[in-house]
Amino acid sequence: MSFREKSAWVSFVTILAVFIPFFWNSYRQFQGAISGREAVGTAFTLLAAFVILEILLHVGLAIRAPKEARSPRDEREQLIDMRATRVAFYVLLVGAMASVGLVHVTSRAWVIQQVVLLAVVVAELVRFGGQILLFRRDA
Amino acid sequence: MACPILNRIRDLRAATGDMTQQALADRIGVTRQTVNAIELGKYSPSLEVAFRIARVFDTPIDSVFQFDERA
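Note that the protein sequences, when read in sequence, are chains V and L.
Last residue of the first sequence: 139 in the working numbering, with the numbers rising by one and none dropped.
Last residue of the second sequence: 71 in the working numbering, with the numbers rising by one and none dropped.
Just so you know, these hints were derived from the structure itself, not from any lab.
Treat the hints with care, as some may be off.
[Stated by the list, open to error] Derived, one-sided and incomplete: chain V residues facing chain L with beta-carbon distance under 8 Å:
id : residue
1  : Ala-65
2  : Asp-74
3  : Arg-76
[Stated by the list, open to error] Simulated restraints, written as ranges between beta carbons of each label pair:
id : chain 1 : residue 1 : chain 2 : residue 2 : range
4  : L       : Ala-15    : V       : Leu-16    : 16 to 26 Å
5  : L       : Ala-23    : V       : Ala-69    : 12 to 22 Å
6  : L       : Ile-61    : V       : Leu-16    : 22 to 32 Å
7  : L       : Ser-46    : V       : Thr-106   : 42 to 52 Å
8  : V       : Arg-73    : L       : Arg-8     : 44 to 54 Å
9  : L       : Gln-22    : V       : Ala-98    : 26 to 36 Å
10 : V       : Leu-16    : L       : Ser-46    : 53 to 63 Å
For every residue, glycine included, the Cβ atom is placed at its ideal position computed from N, Cα and C.
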């Protein structure tokens with residue numbers, strides 16, 4: 001497995017590991033099961049964990065394969081990145097349009113904010129998932 | 001999806017002192033996985049990479065790559 005594919009796996013799994021609890025936390029706040037203060041604290045903790053995990057895991061990958069980590073993406077890796085990003089863009093577009101439509105359903109800015117964030121997270125999952133699929137297809 | 005370009009890279013590597021995929025990848029500036037994908041017909045390299053491969057084996061490019069007329 002190449003460094004870029006391992007990097008895509010790290011990002012994909014980290015996003016799932018952090019943002020499933022993140023949105024569960026948001027849902028509980030929406031339902032009134034937890035207070036706003038508690039929800040915000042949990043959210044910031046999860047976001048910090050996401051950043052730290054991404055950095056640590058990618059540094060770990062780079063330490064294990066320093067030459068690959070320093071090398072720029074080759075033409076096939078660039079093509080895989082572009083194809084996956086193109087699909088993810090359309091997912092993000094749909095999410096953005098859904099957020100715009102939501103304005104007519106609710107006036108709660110917090111809800112719209114969560115939907116926008118969900119769109120970004122899903123688009124990133126599609127991007128990294130797409131990269132993984134394309135890497136595996138060629139293996 | 002298989003690409004319509006056939007190649008003899010695996011045979012040429014074997015004929016060149018059993019050159020590894022990694023060694024070829026290092027010489028042409030791509031990853032080993034890309035070399036593998038090219039050999040398996042799962043990826044068509046750019047003209048630049050194709051010429052680099054031909055130069056490594058010191059052979060004309062159309063001796064390395066052939067268009068599959070059946071495709």
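Per-residue hint verdict: V:Arg-76, partner chain L, C-beta under 8 Å = 4 Å, holds
With a cut-off of 8 Å on the beta carbons, see whether V:Asp-74 makes it to chain L.
-> Hint holds; V:Asp-74 Cβ to chain L Cβ min 4 Å, cut 8 Å.
Report holds or violated for the interface hint on V:Ala-65, using the least CB-CB distance to chain L and a cut-off of 8 Å.
-> 11 Å, violated
Supplied distance hint 12 to 22 Å, evaluated on CB atoms of L:Ala-23 and V:Ala-69 | 20 Å, holds
Return holds or violated for the Cβ distance of L:Ile-61 and V:Leu-16 against the range 22 to 32 Å.
-> 44 Å, violated
Range hint compliance [Cβ, V:Leu-16 to L:Ser-46, 53 to 63 Å] = At roughly 34 Å between Cβ atoms, L:Ser-46 and V:Leu-16 fall outside 53 to 63 Å, so the hint is violated.
Given the range 16 to 26 Å, decide if the beta-carbon distance of L:Ala-15 to V:Leu-16 lies inside it.
-> 46 Å, violated
Just tell me: holds or violated, for the beta carbon distance of L:Gln-22 and V:Ala-98 against 26 to 36 Å?
-> For L:Gln-22 and V:Ala-98 the Cβ distance comes to about 46 Å; the hint is violated.
Is 44 to 54 Å right for how far apart the beta carbons of V:Arg-73 and L:Arg-8 are?
-> 27 Å, violated
Cβ separation of L:Ser-46 and V:Thr-106, checked against the hinted range 42 to 52 Å = The hinted range 42 to 52 Å holds for L:Ser-46 and V:Thr-106, with Cβ atoms some 50 Å apart.
In terms of the numbered hints stated before, the structure departs from hints 1, 4, 6, 8, 9 and 10, listed from lowest to highest.
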